[in-house]
Structures are given as C-alpha cells and as structure tokens.
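> Each chain, letter by letter, is given below.
Protein chains: 2
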Amino acid sequence: MSNTGLNRLSACEIADGIAHRKFSAEEVVRDCLERIDARDRQVKAWAYLDPDLALKQARALDGKNENGPLAGVPIGVKDVIDTFDMPTDMGSPIYRGNRTFADAPSVALARRAGAVILGKTVTCEFAGLTPNLTRNPHDPERTPGGSSSGSAAAVADFMTAAGYGTQTGGSVLRPASFCGVVGYKPSYNLISRGGMKFAAESRDTIGVLVRTVEDADLLSSVLTGRPRLRARSGAPKIALCRTHLWEAALPESKQAIEEAAQRLRLAGASFREIHLPGSFSALQEARTVINPYERARALAHEWNTNRTAISAGLTAQIEQGLSIPFDRYIQSLQRVKQCRDEIPAVFGDADVVLAPCVTGEAPLGLQSTGDTRFQEFWTALHVPAITLPSHKGPNGLPIGIQLVARIYDDENLLASAQWVWQRLVAQKGFLHADQQQF
Amino acid sequence: MSNTGLNRLSACEIADGIAHRKFSAEEVVRDCLERIDARDRQVKAWAYLDPDLALKQARALDGKNENGPLAGVPIGVKDVIDTFDMPTDMGSPIYRGNRTFADAPSVALARRAGAVILGKTVTCEFAGLTPNLTRNPHDPERTPGGSSSGSAAAVADFMTAAGYGTQTGGSVLRPASFCGVVGYKPSYNLISRGGMKFAAESRDTIGVLVRTVEDADLLSSVLTGRPRLRARSGAPKIALCRTHLWEAALPESKQAIEEAAQRLRLAGASFREIHLPGSFSALQEARTVINPYERARALAHEWNTNRTAISAGLTAQIEQGLSIPFDRYIQSLQRVKQCRDEIPAVFGDADVVLAPCVTGEAPLGLQSTGDTRFQEFWTALHVPAITLPSHKGPNGLPIGIQLVARIYDDENLLASAQWVWQRLVAQKGFLHADQQQF
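First to last, the protein sequences are chains A and B.
If you count the first sequence from 1, position 235 lands on 235 in the numbering used here, and the numbers rise without skipping.
If you count the second sequence from 1, position 39 lands on 1039 in the numbering used here, and the numbers rise without skipping.
Be aware that one or more of the hints could be misleading.
What the simulated footprint calls covered on chain B by chain A, stretch by stretch (three residues with Cβ under 8 Å from a Cβ of chain A suffice, anywhere in the stretch; the number is not a length) [stated by the list, open to error]:
no., segment
1, 1034-1043
2, 1220-1227
Below, a list of computed lysine-lysine pairs in the DSS-like style, where the Cα atoms sit at most 30 Å apart [to be verified]:
no., chain 1, residue 1, chain 2, residue 2
3, B, 1337, A, 237
4, A, 254, A, 337
5, B, 1022, A, 337
6, B, 1337, B, 1254
7, B, 1064, B, 1022
8, B, 1392, B, 1044
9, B, 1237, A, 337
10, A, 64, A, 22
11, A, 337, A, 237
Computed list of chain A residues with no C-beta within reach of chain B, every gap over 12 Å [to be verified]:
no., residue
12, 53
13, 274
14, 396
Note that these hints are calculated values from the structure, not bench results.
This one's a predicted model, so the numbers in the text were calculated from it and none came from an experiment.
Just so it is clear, CB atoms sit at the ideal spot from N, CA and C, and this is done for glycine as well.
Using the sequences and the hints given, assemble the complete structure.
Structure representation (structure tokens):
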C-alpha cells in the first residue's frame, strides 16, 4: 500500500494543491476510491458510494477556472443528511433508497465551495444508539463509536479527508476519539440543520470529522460563514475540568487529561481548575427525559407507518418518550437552560476548558457504540467542543482529549485547539489506522 | 349557501361530534370541499387539494372503532411542511410537484390523533415576504397577510377548521389578525420542526390557525404532548405593553388595545403597565442581520441550482445574507439572547402580556403581506404568542390583539387567552368572512 496517496492529504493540503494545480480533483478522488476499494469490505464505513458520480463531480471541478476554498476536498456525508444526487437511508430499512429533492444546506454550501461529495457514510439507526455495520479501523473487534460511525472510520482510514457527523449526545466526538481523528461540534444552531433528520431537536448539531484542527477550521468556516482563523498570539488560558463524572473514566482517560494538562502548562498555557456546580448533575437526568421525548416526536411518521421496522432499542426509547409527561419535559428544558446560563461564571476568564472526552479506548464488541456521558452534557449545554487524537491507551488505541468553549466562541475554541495541537499532537504524528493492519 | 354546514364547526365540535357519532368524518370533509369549491376560485387559499384523497382519509377514520382527540378534524398544512401523500411546493416554482418520503412530525402526530390532512395551503415563497396568490376572504383587494396566507384565509373562510403556519417574523399572527382568526405560535422548538423548510432557523416556529382558543389548545396539545387545559380558577394578571413601536400603530390598533385593557380590567383582570428595556430596540436591527444570514444558508441548494427561479426580493435577501460578516451575526445572536434573558424581569408577576398584534387592518393591495414589526420581536424572543380576533377597524375588517407569555409558559398563555376570549370575543360572535361576501 502506497503511503503517498493523495487520500492521505489533509483537506487544507488538497485545496491548496488543487489551487496551485499540483494535482487534480479527479486524482484525489481516484486515490480515495482506491483506498475504499481496498479497505471498506472490512471497515464498512460507506452506506452509499457511486464512484462514477464522485469522479464526475471531480472532473467538473477540474474543468473550472476558479477554485473555492474546498476545491477538490472529498467529503463523506452522514446518512441522515440529504443529498440531491445520492440516497439518504438514515441507517434504517424504512428509508432504503430514499431520494430527496434537495441537498441539505450543509451539503450545498460545501459543493459551492468546491467540495466533492464522495458518498454517504454509515450512521447508527436514525443517528441513535443502535449500532450499524461499521468497525473500528484500528481493530475490527471494537466499535468505531457512533452514531457518526462511518464518517469517523472513513476519515481515520484515509478513505476521505473529511466527513460530516451529527451530535445529539456524543455522536461526533466519541467516534472521533475512538477512531483517532479530530471531531468538532460547533455551537448549537451554527451550521444549518435543514435537510437533516432530527434525533432530539433541542440538542442536534452538525459537526465535522477531519484529521487536523486546521481542517476543522477550513470546513466549518465554509459551513458557518466564519472567516478562517488567525493564529493565537499567545498561549491560551485553560481551565481543567475533571467533571463530576471523573470516577467513570478509566485510568487511560484520566492519564490523558493529566498528562495533557502538565505538558500544556509547561508549554506556557495558564491553567486553573474549575468545578461544575452541583446543579449540573441535573443534566444527566434531563437527558433521559428530553432525548426520548423529542425523539418520539421526530419519528412520528415512522412510528405511524413502519413501527415493526424500528429496532427494539429505538422502539423502547420512543415508547418511553411517549409516556413522559409534558411538565417533566418542560422542567428538564428549564433546568438545562439554567445550567447554560451558569456557563459564563463557571468558565470565568478561561479561553477553553480541558475535559475528558471518553471513558477510555474504543471498547471491544460491536453491540454498543460506547459510553456517551463525557460528551453529552456539553452537547446539552450548546457549547462548542472539539476532540484531538492526542493519546493512546493500554492497547495502543487512540484516546482523545476534549476542549470546550462558551457558546459562539468557536473561533477561540479552534484557535486554542490549534495551539494545543501543535504542542500535543503535531510532534507525535497520528495514530493512523494503517499502523495496525487488520 | 347553508349556514349549518359542518365546515363551520370548530375543531373541538368536530372531534366531539364524531366521537359521539353525530356525524361522520366524511360528512365533515364533504362540507369543507363544498365550501372550497364555492369559494377558492376567489380566495386561492389552497396550493394542493385532492378531494378523493381527503375523502379516502375520512372514510378510513369512519371505519375505525377508536377515535383520537382530533377525530375527523380537517387540517390545511402550509406548503413548506412535508406530507408523504401530497406535494410540498414551498410557494416556489423550484419545488413544483416535490414529493417527500415522509410526513413532517407535526403532520404525522395529527394523523395519529385522527385528523384529516385536507390539503396544502398557499405559502409565500419559502415562507418569506414575497406574496403568493391568496386574497383576504373579507376583501379580495386586501392582503391576507403572510407567509401563512392560505391557512389563515382557509380557516377564516370556513374551508377547514384548522391550518398550520410557520412564524419566523410574524407569519402566523399577522395573517390570523388580518383574516380574523386565532393564530397561536407556541414557544420556540415546542412543535417539532422536522420536515419543514427553514427560513431563519433560530426563530422558525410552527403554529396553528383556528377559529377558537379551545381549538388552539386542542391542536397544540396533540402536537406538543401537553395535556388539555383546565379552566383558570381566577382572573389573570395582565401586563399592558404598548411596546416601543406604539407610534407605528394606526388608531384602530391602539384603540383595540386600550379598549381590551379597559374591558378586561372591568372584568376583574389585574392590570399593570410594563415598558420594554431600551436594550430591546436592538431586536429590530438584529432581525435585519439574523434573518438574511440564516436564510442565505437555508436556501443554499436553491441558490446553487435554481437562482433564476428565486424572486427578486428573496434574491436580494440572500445576497444581503451572504454579505453579512459572521461577527456581526454572532453579535446579533448574543444581543437577542440578552433580551430573552431579561424577559422574566420585564414580565414580573404577570401571567400574560397584552400588546398590539398589527399596525391595523389588512392593508389594501396584494404587493405586500403587511408590517411584521409588532409580531416579529416577540418571535425573536422565543416566547409563545397568540392573537384573538377581538376588534374591528374603520373598514369593518378584523384587528387582533396579541397575548404573550414567558417561554414554555404556553399553558398559562392559553388559559389566560381563554379567559380573555370569553370576555372579549365569545359574546361578540366572529368577524367571519361571509358577513362580507365578495
């Protein structure tokens, strides 16, 4: 297997190479397709792939005189987000072959910027907890995480430079951490959610899976309209937050956080510790109310028409959601809002918060996509979050750290993440899948 | 024309009559279709109507042993909300004949409760400001308001008991006021927005257009999962808010508010006056930033593929949205959030706020759907709002008053509105369209 394939380049490198006519979009797509052909029978990251359609897009781009900021960048789109030229199956037999009239705005904006929509990536059933076929590219006996399983695995395995995910609990950051890539969930509502299937609408957020922080910046700048980052002039102020769930973390995740904190402190970051108020413990219970309540509404049509085609786990969640009293739902929304309002005081003057991202390495087995707790309460708070593939666990598998910022402070989050990246990740190289062939 | 048609019944009366087998769903639909046949060539409220499909739904309901809470209630669905068995044209030639795989959750929940989806109602282009064909049933030379033009006109004209609307600025309450019906916009995010086309996602809210407050309660209880109202035990505490826009109101709208306040005070409501903080003046400017910014993203696919089929007005809005700097957008979001956070203090102990709903009667001409200002800043604040057809203007046309409550306090809003209804509207009878034939 060649190590110099264009499929290994970052999104920034691809866009730059195409702008400077070092290679063509078609060549990039060909290398991605070759990698997919070699690996996807095992990894199963793709729900839909039409090589001819991908190549046709690439050739159309190559024929243009002007290049957008995503020129030639291949993107795998999570299969709960609409694409006008590919089916959107939602990880459910109910939607097999479902064609939509339009691209979701998130897809259309990327196309406008020159991206190649390479294919649709595997999602858990309706972006929920029921696992689908994808395996962790580092170890086929382990979960890739979910529900953005396919995008995380495809990016980690060099099948595409970028993938879209959606996060309601931890569906972008957890698979990113388990597969060893960067997962970035922007502030709530910052990327248009038109044309995506809702799981729990008051939390659902579209995010990106990529291999560098620079790429997270590039993609999200196109999708949100934010200008590209300027580098930080100084070291960020970091608040270490072990969270109220600290005891649920395995030693390797704890060590990742402590080691990261130590190295970043030595590198010049100002550090202090913060503790989440006791009121934040309401977030965990709120999830067990809000998510099923909203999910049961989001899947009303499927419940009406195709109930038997819904998995047992999701059926139970819908039934639970339909049984929750409205008052309890509203109380939960109110409690979560109170926590959101406390965030500025909790974070103080910190640029970002450093917190565990996952319990540990991707667990063995494909029956669960892993523990959502370390990701989900930040999602509920609507704050932007990013994971960097900075550490390894006892089995040599990736463990990400998580950085979090205030709502709408995505620029600060990404700039700080880039500073951290340069000190924790860039020198180490990646934990790439093909270092551990299967 | 018969005055005893079943099409004249309220949703509550229909559901009750069907539950007690006084008449069938098919008879209700036949009377609605007859009314539509007689009137819609002039009113033009319907974007899609298949009489056979409506009758088929009704007969299927009549064949069932159990009746849901909306048994036999005919609903017109605004043409930006998906229906699996009818096209969704978005008020745009781009989407002519567009078929979707699934019902929007808001539609599926109504079907589950026994409603008949009668047809699709006319919307302004993509739920925006570009008028469509509908005329005000009280006077064909006047606008019905927009963007939920068809639902408001169809409900006012007794073609259907209920209609769905969406409100980004004032698209439910303004047409409701202009057409003389009840328009209710729940708290933001309370009715699932799956399967609807976004206009400005941080504001878009699905609402209902009906002829009584009781019907607003019935429909929204099904769509949100809230139990039906219990009647208020005492008079509500009402805060009179003339708003910072008071001078923009015509005398008839000012009179409606003053007269309503006087009568409600005499009826026993406790009254005090509140003033919006100066910071709320930021809301008007925020709208000119947030709406175009989000609209330009929401219509990314249409902009990519069918730009020439977009109206001049909407084209200008998209171009403006694409030119607004991200920082300005974020600052606007932040300012609006600050206003939202001030609401509890501003409202104090009031159950509801009484405020103008519209500048005045539906204006002459079909080139504009009217002034959005009195509705839109409440929408931006995410609070629930309802208009009641309580007054008439100098031309005998309806003028609604507006009641507003705290976010998620929809039960209080509706219970207070019901109290107000009984004192201001129930005794007067309606301002129904057929009192002024054209």
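> Hint by hint, note whether the structure agrees.
Each hint tested on the structure:
1. Counting residues of the segment 1034-1043 of chain B whose beta-carbon sits less than 8 Å from any beta-carbon of chain A gives 0, not enough to reach three: the coverage restraint is violated.
2. Coverage of the segment 1220-1227 of chain B by chain A holds [criterion: at least 3 residues with CB-CB distance below 8 Å; count 4].
3. The suggested pairing of residue 1337 (chain B) with residue 237 (chain A) holds, with an alpha-carbon distance near 26 Å, which does not exceed 30 Å.
4. Pair hint residue 254 (chain A) plus residue 337 (chain A) holds up; C-alpha atoms about 29 Å apart against a cutoff of 30 Å.
5. Our distance criterion of 30 Å between C-alpha atoms is broken by residue 1022 (chain B) and residue 337 (chain A), whose separation comes to about 47 Å.
6. Between residue 1337 (chain B) and residue 1254 (chain B) the CA atoms are separated by roughly 29 Å; this keeps the pair inside 30 Å, and the hint holds.
7. Among the hinted pairs, residue 1064 (chain B) with residue 1022 (chain B) is consistent with the structure: their alpha-carbon atoms are about 15 Å apart, no more than 30 Å.
8. A C-alpha spacing of about 24 Å is found between residue 1392 (chain B) and residue 1044 (chain B), which places the hinted pair at or below 30 Å, so the restraint holds.
9. Among the hinted pairs, residue 1237 (chain B) with residue 337 (chain A) is consistent with the structure: their alpha-carbon atoms are about 26 Å apart, no more than 30 Å.
10. For the given pair, residue 64 (chain A) sits about 15 Å from residue 22 (chain A) by alpha-carbon distance, which is consistent with the 30 Å threshold.
11. At roughly 26 Å between alpha-carbon atoms, residue 337 (chain A) and residue 237 (chain A) fall within 30 Å of each other, so this suggested pair holds.
12. Here residue 53 (chain A) stays apart from chain B, with its beta-carbon at least about 16 Å from theirs, past the 12 Å limit.
13. Annotated as non-interface, residue 274 (chain A) keeps its C-beta farther than 12 Å from every C-beta of chain B; the closest such distance is 22 Å.
14. With a cut of 12 Å on Cβ distances, residue 396 (chain A) stays outside the contact zone with chain B, its closest approach being about 40 Å.
Checked against the numbered hints given earlier, this structure breaks hints 1, 5; the rest are met.
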